[in-house]
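There are 2 protein chains.
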Amino acid sequence: MAHITSSVEYGIHCLLWLAGSAETPLSSRDLAELQGISPSFLAKIFPKLEKAGIVSASDGVRGGYRLARAPEAISFLEIVDAIEGNKPLFDCQEIRDRCAVFGTEAPDWATAGVCAIHAVMLKAEQAMRDELASHTLADANSSFERKAPHEFFIRLDEWKSERAKGRKPGRPPKPSEPPA
Amino acid sequence: MAHITSSVEYGIHCLLWLAGSAETPLSSRDLAELQGISPSFLAKIFPKLEKAGIVSASDGVRGGYRLARAPEAISFLEIVDAIEGNKPLFDCQEIRDRCAVFGTEAPDWATAGVCAIHAVMLKAEQAMRDELASHTLADANSSFERKAPHEFFIRLDEWKSERAKGRKPGRPPKPSEPPA
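In order, the protein sequences belong to chains A and B.
Just remember that the numbering used here sits 2 ahead of the position in the first sequence, which is counted from 1.
Just remember that the numbering used here sits 2 ahead of the position in the second sequence, which is counted from 1.
Since no wrong hints were added, every one of them can be taken at face value.
Same chains, same names: a pair is fine if it fits in one copy or spans any two.
Keeping only pairs whose Cα atoms sit at most 30 Å apart, straight-line, the calculated DSBU-like set for lysine-lysine is: (1) K125 x K53; (2) K149 x K167; (3) K149 x K125; (4) K89 x K125; (5) K50 x K167; (6) K162 x K46.
The set of hints was computed from the structure by calculation and includes no laboratory data.
Can you make the complete structure from the sequences, with help from the hints?
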């Protein structure tokens with residue numbers, strides 16, 4: 003499994019639909035069907051995004067998810083952290099204290115400070131995180147809006163209107179509940 | 003499991019012993035015992051480093067592994083790639099062609115170029131790789147040599163001499179063979 007999993011990929015694609023749907027909240031079931039992915043899989047992702055303050059949910063027939071902030075204020079890093087949790091790039095096992103020459107106990111000099119190998123890995127992780135932090139949902143949305151023809155957005159609005167006609171309350175089932 | 007695994011951690015620690023042992027080759031069994039790690043685990047790592055041209059192996063009683071290049075010419079990125087192989091940070095599932103509005107076939111505009119989400123992940127991966135490429139085995143070795151007292155290196159040489167007295171041919175068993 004890749005470090006940044008398909009949960010993040012699915013989550014960002016669906017957040018992009020919300021970025022273009024400020025006035026109409028969408029349930030995670032709407033989003034899953036719009037994006038052609040598993041509703042039960044997506045229903046596990048959105049509560050994490052809500053907990054991180056990236057989306058907000060409202061109940062009722064017209065309820066569903068909205069972005070909790072402007073897409074310019076939501077970075078890729080925040081989304082990755084919300085969905086993946088605390089997942090280091092490298093999980094240092096601190097084996098530097100196990101040297102045959104040390105005998106049963108490593109001297110203090112050997113374990114002082116951060117291991118030089120771990121330090122490099124932390125810098126690599128920080129470089130990755132800095133890059134993720136420098137891109138927002140708004141950037142990706144602009145890229146999509148430049149590509150998609152006007153007609154697509156008309157058909158997208160029609161799709162959302164059709165969905166709204168037959169809707170049940172918009173907040174998705176909790177992950178522990180079976181999908182409706 | 004972290005993206006950069008303990009195989010890399012173990013490999014780099016043992017490569018550091020080789021960086022400080024240019025004149026005396028060490029078998030993977032010597033290295034495993036010196037570092038206090040599993041010889042059979044390390045015996046799976048070193049053939050990958052040999053294949054990548056990071057270490058070279060010689061046979062015979064005085065044989066074993068040496069660095070194939072100066073430690074200044076061996077980057078962390080090369081070591082990670084040699085041990086982990088081709089392992090992307092993000093494995094794009096290309097779900098952008100699955101939109102309910104598209105119907106059965108996505109239009110060309112929707113799948114043209116690299117997906118905007120994938121593009122960000124590729125930049126994050128490149129930032130991580132650039133950082134790993136900017137650190138060498140020599141940097142980490144210098145850090146260790148500055149920390150360790152002179153007496154440690156005397157005891158390390160004694161340890162290696164003791165090992166050499168009782169040595170069998172230095173090339174390690176192949177990973178498919180059971181450890182001797």
